[in-house]
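With the hints as extra help, turn the sequences into a complete structure.
First to last, the protein sequences are chains A and B.
Quick note on this note's numbering: the first sequence kicks off at 5 and runs consecutively.
Quick note on this note's numbering: the second sequence kicks off at 16 and runs consecutively.
Derived from the structure by calculation, the hints contain no laboratory data.
Watch out, some of these pointers could steer you wrong.
[Stated by the list, open to error] Mimicking DSS-like on lysine-lysine, the simulated pairs with C-alpha atoms at most 30 Å apart in a straight line are:
1. 17(B) to 311(A)
2. 126(B) to 270(B)
3. 263(A) to 311(A)
4. 311(A) to 69(B)
5. 69(B) to 51(B)
6. 240(B) to 126(B)
[To be verified] Examples of chain B residues toward chain A, derived with CB under 8 Å:
7. 53
8. 58
9. 80
Keep in mind it's a predicted model, so treat the numbers as computed, not measured.
Just so you know, even glycine gets a beta-carbon here, dropped at the ideal spot from N, CA and C.
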Amino acid sequence: MMDAGILTRALSDPSSTAGLGSQGWTALITMARAEQLIGTLAHRLDGLDLPDSVARLFADTRRSADIGRRQALWEAEMARRVLAPLDTPVVLLKGTAYVAAGLSPGIGRSIGDLDILVRRDALDDVERALIDRGGWEWVKDDEYDDAYYRDHMHELPPLIHNERDRMIDVHHTILPLTAGPTPDPQAMLDDAVQLENGLYILSPADMICHAAAHLFADGDLAGGLRNLWDIDRLLRDFGEQAGFWQALSERASRHELAKPVARAVRLAEAVYGTPVDGDVAGRGRRGDALYIRRLLARDDWGRETRKGTRLAFYVRSHWLRMPPLMLARHLWTKWRKS
Amino acid sequence: MKHSFSVTVGQTGFRIGSDWREPLDQMRALYRGYPKPEIPDFTVRLFAQRPWRKLIRPSVMIGGDYMLPDAAPLSLAHGMLGAEMGMNLQMALGQRRYLLLHASAVERDGKALLMTGESGAGKSTLSALLGERGWRFMGDEFALLDLETGAIHAFPRLVSLKNEAIGLFDGQVDAERLGPLMHDTPKGDIRHLRPPDSAIAQMEQLAQPALLLFPRFGHAPEVRKIGEAEVFARLTQASTNYVALGEPGFDALAKLVKTIPTRAVDYPDTNAAIESVEQLWAELAI
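This is the structure we're talking about:
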C-alpha cells in the first residue's frame with residue numbers, strides 16, 4: 005500500500021520525481037496538500053523539468069506561499085508595535101521565526117497562527133496590551149476551557165484578531181505544565197537572539213529543542229511530517245556551525261528534552277536523510293519504526309491510514325500531557341459538555 | 016478509493032473518489048464529452064462517515080484537498096450534489112490562479128456579461144436561460160478573472176437549478192441534459208443541468224468583461240447605477256480568494272471595477288429580465 009514515503013523522498017531528493025507518471029504526481033500533490041507541505045514541495049522542485057500542469061500548479065503555490073510569508077511577517081510586526089512599550093522581550097516561534105530569520109524551513113512553508121514566547125511575569129501585561137490596544141479578542145468564552153488553559157497550559161487561551169481574523173498564541177513556556185519534562189523558558193529567553201526589528205528568535209539549539217518538543221509532546225504527531233521537515237532544515241542550517249551539536253546536547257538536557265531531541269534527530273535522519281551527530285542521535289532506536297509508520301500514514305487520496313497506529317499515538321499524546329486522574333476528569337468534563 | 020471519476024472544467028482538472036458508485040455514474044452521464052485531466056488540480060472525496068454507513072442509511076461526507084471543518088453529511092440520493100459542492104469548495108478555498116468572483120457569466124462576441132449578487136438573486140437561472148438563447152454559457156457559480164490580462168475564464172460546470180428555476184427548463188431542454196431531481200437538500204430542491212454542447216466545446220476560450228449586473232428577482236423593474244467604491248466592496252465580498260491573493264488580487268479587481276459598466280437591476284420575472292439584459296447589453300457593453 006502506498007504511503008507518504010513518496011512525499012518525503014520528493015522533498016529530500018527532488019530528482020526522485022523524474023520517473024513519476026500522472027498517477028504518481030497526483031498522489032504526490034494530494035499528499036503534500038494533506039501534510040501542508042505543498043508550498044515547500046513547490047519550492048524544492050522549482051527548476052526541474054516538470055509536466056506542464058504540475059509546473060503551473062506549483063507556480064500558483066509558490067505565489068501563494070509568498071503572500072502567506074508576507075502576512076505572517078505583518079502579523080509579527082503588528083504584535084511588535086503593540087508590545088514594544090512593555091519593554092519585555094518577544095520571541096517569535098515556529099514558522100514566523102523561520103521566515104523572519106531567513107531560515108530554510110521558512111521557504112514555501114505554510115504558516116497559520118502567530119506564536120510568541122514571553123516571560124511568564126509579563127503575561128498579564130501582554131494579554132492586556134493585545135486586547136486593549138491591539139484588537140485581539142478571545143476565541144472562546146467557555147469558562148472551563150479558559151480556566152483549563154490558564155491553570156495547566158503553556159500558553160494563554162488563543163486570541164483572534166477582530167479585523168484580520170488571524171490567531172495569536174502567547175506562550176510562557178514550550179510544553180504544557182502537565183507534561184513530564186519541564187523546559188527552562190527563562191534560559192530560552194536569556195539566550196534568544198535579537199533580530200533587526202527588535203523581536204527575538206530562539207538560539208539555534210533551543211529552536212531544535214522547541215521543534216522536537218512540538219513534534220512529540222504537543223500533539224498526536226498530526227502535522228508530523230512538516231514539523232520533522234522543519235527539524236531537518238534547521239539541522240542542515242546549523243549543523244556545520246562550530247559547537248552546535250555540543251550546544252544542542254547541553255540544551256536538550258537542561259530542558260529535560262534529551263530523549264525527544266534524540267528521537268527527532270534520528271527520525272529526521274531516517275525520513276529526510278539529515279546529516280546528524282551520532283552522539284546526539286543516541287543509540288536507543290527502539291520504537292522509531294513505529295513513529296515512522298505513523299508519520300507516513302497517508303494514502304494517494306490524501307486520506308489518513310493506519311487507524312490503529314494513529315489511535316495509539318492519540319491516546320499517548322493525552323497521556324503524556326496529563327496525569328491519569330486529571331486526564332479522566334478532563335475527558336469526563338469534555339464529554340458531559342459535548 | 017473504490018470508485019473514481021475525473022473531469023476538466025474550464026482549465027481546472029478534478030479527481031473525484033467515492034465509496035459509492037451511483038453519484039459518479041450520474042456525473043459521468045452529465046459530464047460526458049468533457050476532457051479528462053492528465054494530472055488533476057484538485058481531489059474531492061465522498062466517503063462514509065463510519066464504515067457501516069456505506070450500506071446502512073448511507074451518509075455522504077465531503078472531503079478533499081481543501082475542506083470546511085464542520086460540513087454536514089448528505090444522504091446518498093444527494094451524492095452528486097456532494098461531488099459538485101466538493102468541486103466548488105476546492106475552487107473557493109484552493110484556487111490561486113485567478114481571482115474568483117461568485118458570479119455567473121455568459122459571452123457574446125468575445126465579451127462577457129457578469130452577474131453577481133446574493134444567493135437567490137437569480138444570477139444562476141439568468142445565465143442558464145441566456146445560455147439557451149444565443150449566449151455562450153461560461154458558468155453559473157464562478158467567474159474567473161485572469162490576474163494578468165483581466166480576461167474572464169469559463170468554468171462551465173453543471174448548472175445547479177434550484178426550486179422554482181427547475182420548472183423553467185422542464186420540457187425546454189433535452190431530458191438527457193437534466194440530472195436527477197433532488198428534494199430536500201440543504202438548499203431545497205436541486206436539479207443539475209448540463210450546459211449546452213457549444214459551451215463545453217468552447218470552454219477554453221476567454222472573454223473580456225464588458226458588463227456587470229447585480230440582478231434581483233421578484234421586484235418592480237428598476238435599473239440603478241452603483242458607485243465604483245460600492246461595486247469594489249461588493250465584489251470583495253463576492254470573492255472567495257480576494258484576501259488570499261494579496262496585491263495581485265487587489266490590482267485585478269480595481270482594474271475590473273474601473274473599466275466595466277455596472278448596474279443594479281430588479282426584475283419581476285424572467286422574461287422581463289432577459290429583455291432588460293439584452294437592452295442594457297446593447298446600450299452599455301463596449
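Checked hints:
Between residue 17(B) and residue 311(A) the alpha-carbon distance is near 18 Å, which keeps this suggested pair within the 30 Å criterion. Straight-line distance between C-alpha atoms of residue 126(B) and residue 270(B) comes to about 16 Å, which keeps the hinted pair within the 30 Å bound. At roughly 26 Å between alpha-carbon atoms, residue 263(A) and residue 311(A) fall within 30 Å of each other, so this suggested pair holds. Taking the CA atoms of residue 311(A) and residue 69(B), the gap is near 18 Å; set against the 30 Å cutoff, the hint holds.
Using a Cα cut-off of 30 Å, the hinted pair residue 69(B) and residue 51(B) holds, with the two alpha carbons roughly 27 Å apart. A hinted pair counts as satisfied when its Cα atoms are at most 30 Å apart, and residue 240(B) with residue 126(B) qualifies at roughly 21 Å. Restraint check, residue 53(B) versus chain A: the minimum CB separation of about 5 Å is within 8 Å; hint holds. Restraint check, residue 58(B) versus chain A: the minimum CB separation of about 5 Å is within 8 Å; hint holds.
At its closest, the beta carbon of residue 80(B) sits 4 Å from a beta carbon of chain A; the interface hint therefore holds under the 8 Å criterion.
Hint compliance for this structure: no hint is broken.
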